[in-house]
Amino acid sequence: MANKKSDLFFKLLLIGDSGVGKTCIIFRFADNTFNPSFISTIGIDFKIKTLELGGKKIKLQIWDTAGQERFHTITTAYYRGAMGIMLVYDVTNEKSFSNISKWLKKIDDHANEDVKRMLVGNKCDMYDKRVISQTKGEQLASSYGISFIETSALSNINVEKSFVVLTEDILNAVCPPTVEETEK
698 MANKKSDLFF KLLLIGDSGV GKTCIIFRFA DNTFNPSFIS TIGIDFKIKT
748 LELGGKKIKL QIWDTAGQER FHTITTAYYR GAMGIMLVYD VTNEKSFSNI
798 SKWLKKIDDH ANEDVKRMLV GNKCDMYDKR VISQTKGEQL ASSYGISFIE
848 TSALSNINVE KSFVVLTEDI LNAVCPPTVE ETEK
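Take the sequence shown: its letter number 62 is residue 759 in the working numbering, and every next letter is one higher.
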């Protein structure tokens with residue numbers, strides 16, 4: 698019997714303002730690397746990483762979008778078909794947090810209705826520069842009925858966990874657990 702490379706394939710998307718750390722989060726997760734130099738994403742790029750969850754190999758295609766307004770018409774085309782979207786803001790940048798509502802509107806306008814969403818407060822290791830409390834992030838996520846996590850790509854805090862949680866949300870939607878699995 699041939700060994701399957703993966704059982705499932707999920708397309709994920711990271712969106713948010715320019716400079717919030719979307720690319721750094723993706724590189725930390727996919728390659729376990731961090732580049733402190735800020736290089737703005739032009740258009741769109743992606744990485745592949747395979748996770749094993751619940752005995753299933755899940756290939757993740759993780760799309761990195763440009764945060765600048767001038768690229769939004771290009772990047773919104775990639776919302777279709779995404780099964781999970783991380784809305785990333787920078788906990789040291791008030792504007793990136795207040796713009797989350799605009800990013801949610803873009804999801805409503807361009808993504809599938811059943812897409813799983815997660816609010817991600819990045820740069821949580823920058824305690825002295827923080828302007829958005831964890832509670833404020835939790836409250837915003839709760840008001841939209843979406844999951845929330847804080848991460849640091851630099852310090853590698855909750856980066857893998859954020860992808861695991863979002864992937865589990867998608868997995869539970871497409872392959873609901875059986876009665877036997879829930880009783881374990």
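Think of the hints as simulated: they come from the structure by calculation, not from any bench. Quick caveat: nothing in here was measured; it's all calculated off a predicted structure. There could be a bad hint or two in this list.
What the hints assert, rightly or not - FRET-style restraints, in silico, Cβ to Cβ:
{"hint": "1", "residue 1": "Lys754", "residue 2": "Pro873", "range": "14 to 20 Å"}
{"hint": "2", "residue 1": "Glu749", "residue 2": "Asp825", "range": "36 to 42 Å"}
{"hint": "3", "residue 1": "Asp822", "residue 2": "Lys744", "range": "30 to 36 Å"}
For glycine and all other residues, C-beta sits at the position ideal for the given N, C-alpha and C.
Verification of the supplied hints:
no.: 1; hint: Lys754 / Pro873: 14 to 20 Å; result: 19 Å, holds
no.: 2; hint: Glu749 / Asp825: 36 to 42 Å; result: 38 Å, holds
no.: 3; hint: Asp822 / Lys744: 30 to 36 Å; result: 22 Å, violated
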